[in-house]
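**Q** Protein sequences appear in the order of chains A and B. Going by the working numbering, the residue at position 167 of the first sequence is 167; the numbering climbs one at a time, nothing skipped. Going by the working numbering, the residue at position 145 of the second sequence is 145; the numbering climbs one at a time, nothing skipped.
Each hint should be verified, as a subset may be incorrect.
Covered by chain A, according to a simulated footprint, are these stretches of chain B (three or more residues, beta-carbon under 8 Å) [stated by the list, open to error]:
1) 40-54
2) 62-68
3) 104-118
4) 155-164
Read the hints as simulated data drawn from the structure, not as lab findings. Glycine residues also receive a C-beta, built at the ideal position from the N, C-alpha and C atoms.
Protein chains: 2
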Amino acid sequence: MKINYANGVKKDVIKTSKIKSLGMLFENQINLSNEYYLTNNIANIHKKPTPIQVVKVEYPKRSRAKITEAYYRTPSTTDYNGIYKGKYIDFEAKETNSNLFPFKNISIHQINHLLSVNKMGGIAFLIIFFRLFNEVYLLDIKDFSNLKDSGDKSISISKISKLGKKVETGYSPLVNYLKTIDNVYFDTNKEG
Amino acid sequence: MKINYANGVKKDVIKTSKIKSLGMLFENQINLSNEYYLTNNIANIHKKPTPIQVVKVEYPKRSRAKITEAYYRTPSTTDYNGIYKGKYIDFEAKETNSNLFPFKNISIHQINHLLSVNKMGGIAFLIIFFRLFNEVYLLDIKDFSNLKDSGDKSISISKISKLGKKVETGYSPLVNYLKTIDNVYFDTNKEG
Chain A
1 MKINYANGVK
11 KDVIKTSKIK
21 SLGMLFENQI
31 NLSNEYYLTN
41 NIANIHKKPT
51 PIQVVKVEYP
61 KRSRAKITEA
71 YYRTPSTTDY
81 NGIYKGKYID
91 FEAKETNSNL
101 FPFKNISIHQ
111 INHLLSVNKM
121 GGIAFLIIFF
131 RLFNEVYLLD
141 IKDFSNLKDS
151 GDKSISISKI
161 SKLGKKVETG
171 YSPLVNYLKT
181 IDNVYFDTNK
191 EG
Chain B
1 MKINYANGVK
11 KDVIKTSKIK
21 SLGMLFENQI
31 NLSNEYYLTN
41 NIANIHKKPT
51 PIQVVKVEYP
61 KRSRAKITEA
71 YYRTPSTTDY
81 NGIYKGKYID
91 FEAKETNSNL
101 FPFKNISIHQ
111 INHLLSVNKM
121 GGIAFLIIFF
131 RLFNEVYLLD
141 IKDFSNLKDS
151 GDKSISISKI
161 SKLGKKVETG
171 YSPLVNYLKT
181 IDNVYFDTNK
191 EG
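Isolated chain A, as found in the complex:
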């Protein structure tokens, strides 16, 4: 789970978990790419809010409700979903600091959710950022699931570069994963 902490606690987060902090950066890149797609009427894809269980709320007079006790919950679905070219899109964005992506970094709930989406005719995949190599790959959930079922514990960057598809990164948008989707899921010859 990636968490958008407010400014006040960012320091603590970096202290306790450097990886998580770097993870937010990649997530922000995806979010900015989605803003670009939306602004240009290309796609409508959003990050879901982080699920939080609220326990206590105070209602100060002449002021908005203040949550004073709450906890992060485990998400039952993925971080991102939306619509592109009339199709339902659903994915999880992850990153790794080594040349391997361990399968345990994605919850079984999320894998099952993506397989369900695939079964229902949606486009379901993972986007994995290999930070050391500065390379981003898109891997269809079926390919991911087959590998996992075969008994592997992780997928290497060399294997994902063959099985998945490399995602172009640049400036507009930062992570052009819809171009990769065109290649993998749509007949791009017809799209022009």
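For this one, chain A is given, so just place chain B on it according to the hints.
**A** Relative to chain A, chain B alone:
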């Protein structure tokens, strides 16, 4: 915005806003219907978590992170989205205690989001529960938007019963809005 308060604060909510509390009940009916659809592999539609801005988090030793200051944020999209029969589904569920549903009860951001989904080929609508009459209606976002643009301030139950489509309510599922979607958006003769 509908809010899922944890048990500890439910009493306060009822005290401050009875309507909001009743609203949660209808939302729960939709959530249970979605569980039914998912369990039976009919559709994969989820409620998005309520967006919360986290300001302060404590990290007690040997205990999970505790959020000690946070605020509810205004959602930029709708409460519900997912996939049904390969199509992207997006909607907002609302309710009213009178025979009128005031347009101001839906934010302009949410209307624009639904219009964008419609433009991109998704199925976008509102589900409105008229509690006094115990009747639920589905209204396509284009019809809603046209009415709003015409200068009306609200839509009456008699008008929505002609312009929209009544949703069957029962036990399995509680709110059978996918049957209504079949009628409105799919050629149900082909579906059997």
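**Q** All hints are to be evaluated individually against the structure, with a verdict given for each.
**A** Hint by hint, here is what the structure shows:
1. 40-54: It holds: at least three residues are needed, and the segment 40-54 of chain B offers 11 whose Cβ sits within less than 8 Å of chain A.
2. 62-68: holds (count 5)
3. 104-118: holds (count 3)
4. 155-164: violated (count 0)
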